[in-house]
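S.K.: Here is what each chain is made of, one letter per residue.
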Amino acid sequence: GNSVTQMEGPVTLSEEAFLTINCTYTATGYPSLFWYVQYPGEGLQLLLKATKADDKGSNKGFEATYRKETTSFHLEKGSVQVSDSAVYFCALSGGTSYGKLTFGQGTILTVHP
Amino acid sequence: EAGVVQSPRYKIIEKKQPVAFWCNPISGHNTLYWYLQNLGQGPELLIRYENEEAVDDSQLPKDRFSAERLKGVDSTLKIQPAELGDSAVYLCASTSGGLDTGELFFGEGSRLTVL
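Protein sequence lines, in the order shown, are assigned to chains A and B.
Following our numbering, the numbering of the first sequence begins with 1 at its first residue and continues without gaps.
Following our numbering, the numbering of the second sequence begins with 114 at its first residue and continues without gaps.
If we strip away everything but chain A, and leave its shape as in the complex, we get (with noise of 0.2 Å):
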């Protein structure tokens, strides 16, 4: 079946570092994929999304490429905030997540002032 992985946190930065969150992920045919956030006492929200290969999501100067030759799906910000601090998932659907997302494990980030 189809499963995401994402890197190991939990991630500790000051404000103004670049920021990669790595996610990998294995799946039948061509799954679209998202990166949601779960900001501190609030519900899972999408930050952005990937449809087919090669696309790039954006958002809140949050990117993703979705890169199907190496199955990744890596998050980037080049100057982080500490309002940037929350929890990030990584998830995809289609194939056998048919109507559904499949999620990574998420990813804690911290950003210090």
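Just so you know, these hints were derived from the structure itself, not from any lab.
All values reported here derive from a predicted model rather than from experimental measurement.
Just so you know, even glycine gets a beta-carbon here, dropped at the ideal spot from N, CA and C.
Check before you lean on any hint, since a few could be wrong.
Stated by the list, open to error - Some chain A residues judged to face chain B by a derived CB distance under 7 Å, without partners named:
id, residue
1, Tyr39
2, Gly43
3, Leu46
4, Lys56
5, Val87
6, Phe103
7, Gly104
8, Gln105
9, Gly106
Stated by the list, open to error - Under the rule of at most 20 Å between Cα atoms (straight-line distance), these lysine to any residue pairs were calculated in the SDA-like manner:
id, chain 1, residue 1, chain 2, residue 2
10, A, Lys52, B, Gly210
11, A, Lys56, A, Val11
12, B, Lys128, B, Asp176
13, B, Lys124, A, Pro40
14, A, Lys77, A, Pro113
15, B, Lys124, A, Lys77
16, A, Lys56, B, Glu216
17, A, Lys60, A, Pro40
18, B, Lys124, A, Lys56
19, B, Lys124, A, Lys60
20, A, Lys60, B, Glu216
21, A, Lys52, B, Glu216
Position chain B relative to chain A; hints supplied.
M.R.: This is chain B only, laid out in the frame that chain A set:
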């Protein structure tokens, strides 16, 4: 527009007791999901509804878990009897379109503690 509403936000019960969670999706969203999120893990699907029909309940432990979505709007998830291992956050989500073009909208979750 109101988001997905879940209640209760927190519930503490003793093992072997029953518990129920309620979800009100975004108006007009025909697809509703219940996910289970264990501490330090990503959400895992329990059940998916298309209107009133449960179209994917393969991961729902049917010996103790049940769910219903009467009239294709609100949904209730029940556990009876609860076990210690059921302590987790139960998430409800809804969407109006397919995941390829749309997104899931999540509630804040119901945190269950079983003592």
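S.K.: Which hint numbers does the structure go against, in order from smallest to largest?
M.R.: Checked against the structure, the hints that fail are numbers 1, 4, 5, 11, 15, 18, 19, while the rest are satisfied.
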